[in-house]
Every structure is written in structure tokens, then in C-alpha cells.
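Q: Protein chains in written order, with the numbering used here: chain A, 1 to 114; chain B, 1 to 113.
Source of the hints: derived by calculation from the structure; they are not laboratory data.
Certain hints may be false.
[As the list claims (entries may be wrong)] Calculated cross-link-like contacts (lysine to aspartate or glutamate; reagent style EDC-like; alpha-carbon spacing at most 16 Å):
hint, chain 1, residue 1, chain 2, residue 2
1, B, K41, A, E8
2, A, K49, B, E63
3, A, K101, B, E100
[As the list claims (entries may be wrong)] Here are a few chain B residues that face chain A, going by a calculated C-beta distance under 8 Å:
hint, residue
4, S18
5, V19
6, K20
7, F39
8, S43
9, L46
10, G53
11, N70
12, A72
13, L74
14, Q102
Built from N, CA and C at the ideal position, the CB exists for glycine as well.
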Amino acid sequence: GNSVTQMEGPVTLSEEAFLTINCTYTATGYPSLFWYVQYPGEGLQLLLKATKADDKGSNKGFEATYRKETTSFHLEKGSVQVSDSAVYFCALRRGSSNTGKLIFGQGTTLQVKP
Amino acid sequence: GAVVSQHPSRVICKSGTSVKIECRSLDFQATTMFWYRQFPKKSLMLMATSNEGSKATYEQGVEKDKFLINHASLTLSTLTVTSAHPEDSSFYICSASLQETQYFGPGTRLLVL
């Protein structure tokens, strides 16, 4: 079946450190891949996405590249800020755009200290 | 744009009562909405897919008679937890699809006493 696995958290970093949150997936066919972020007390927001192999999604300094050969979509940021503290979810979607279900990883909590 | 709201944001109810949660797409129309449940420190679990004008599609293991979903218009879907019990206490989140992206509501915290 389809599944998403993220690295265990929490991840604690100092401000301006480099961030990597690992995400690997299992799926048949060619899923679309997403990173969502959930700030404390809020709903999920789409951070970035990639719809085919070798695509790179980027937003707000975050990047992730769709690697089909390693079935991975690792999230990276060169210099984190305190305001990046949140829970990050990796997700995949198969099927058509509006009706395809999202399958989420377990979430990784990021804590950035000043 | 693409804002999804939920109401209420939190609700406390007595065991055995029913609770209705609303999900609205404020600035777009959504033929498909999704309902998720999120346990503490756990991922989101898809409960059902709500389709405007038709019956919802429930995920395996989700009781359709307990979690009633109605999608009566292109901007509103409701989730009713019937005869709620303490084990139904959770964070319920909805999303609405627009142009290949799901936009999420802020969630509703349900506590059943």
C-alpha cells in the first residue's frame, strides 16, 4: 500500500542552522509529493510540492526534490529561524487532483532556539 | 485566497450527545472536501471524502453511522459526531480542494466528558 515515513522528532536546532527532515514514501505509480506545515494552534498550510520525478519544490527558503530512485522527498532549509518552529508533515497523493487522497507521514516537530 | 474555516474551534460536550462541526470554503467553491482526525503527536488520519450532492466515501474502519457527513453546497460540509463518547475526543480537521491543492481548515478540538 501507499505510505509515508518521516524522521522521528523533535528536531531541535539553533537559529541559522541547516535543516534536513527526511521523508521516504512507498507508492505504486507516480504520486505527487507535498510538505505541509502546522504552526501551533493552527491548521495545516501547504509549504511546497512536486508532481513528478526530479521536480524541486521551494517556498520560504525551504526546498525538497522528488527523488524517484530513492523514493524520497527530504525537506531542507539553509538557515532556520525561530519562526520556523512548527510541525512538518510529508504527504503523497495518488489519483486525480481534486479527489486524490492525501496520505501523511507522522509529522516532525521542529524547535528552533534563538 | 483559498481560505477554509471551521466552526466551532473547540467544543466540550457530554457523553451521548451529538456535535456538529462545519467546514466552509470562504472564497472558492469545492466539490470535494475531506475530513481528518488528528490524535496527539500523531499524523492525520483521513476519515472520509465528502462530495457535494452525493454520499460521502468513508475510509475503512470509520463508522458512517457515527460520523455523519453532509456536503449540501459547494462551500459547506458538515461532520456530525453522533452519540459522542470520550474516545471520540480528538482534533478534527477538514480540507477543501482547489486546483490540485488541498487547503486545510484550522481544526476543531472536541472534548467529550
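Q: Now look at each hint and say whether the structure bears it out.
A: Consistency of the hints with the structure:
With a CA separation close to 11 Å, the supplied pair K41/B and E8/A stays within the 16 Å bound. For the suggested pair K49/A and E63/B, the alpha carbons sit about 32 Å apart, so the restraint of at most 16 Å is broken. For a cut-off of 16 Å, the pair hint linking K101/A to E100/B stands: about 11 Å separates their Cα positions. Restraint check, S18/B versus chain A: the minimum CB separation of about 24 Å is more than 8 Å; hint violated.
A cut of 8 Å between beta carbons decides the hint on V19/B: the least distance to chain A is about 19 Å, and the hint is violated. Taking 8 Å as the C-beta contact cut-off toward chain A, the hint placing K20/B at the interface is violated, the least distance being around 19 Å. Of the supplied interface hints, the one on F39/B is violated, with its beta-carbon coming no nearer than about 10 Å to a beta-carbon of chain A, more than 8 Å. Taking 8 Å as the C-beta cut-off, the interface hint given for S43/B holds, the closest approach to chain A being about 4 Å.
With its C-beta approaching chain A no nearer than about 6 Å, L46/B sits inside the 8 Å limit, and its interface hint holds. Interface hint at G53/B: violated, since its Cβ lies 14 Å from the closest Cβ of chain A, which is beyond the 8 Å cut-off. At a threshold of 8 Å, the smallest CB-CB gap from N70/B to chain A is about 18 Å, leaving the interface hint violated. Among the interface hints, the one on A72/B is violated; its C-beta lies about 18 Å from the nearest C-beta in chain A, farther than the 8 Å criterion.
Checking L74/B against chain A by beta carbon gives a least distance of about 12 Å; that is not within 8 Å, so the hint is violated. A hinted interface residue such as Q102/B counts as satisfied when its beta carbon comes closer than 8 Å to some beta carbon of chain A; here the least separation is about 6 Å, so the hint holds.
Of the numbered hints given earlier, the model fails hints 2, 4, 5, 6, 7, 10, 11, 12 and 13; all others are met.
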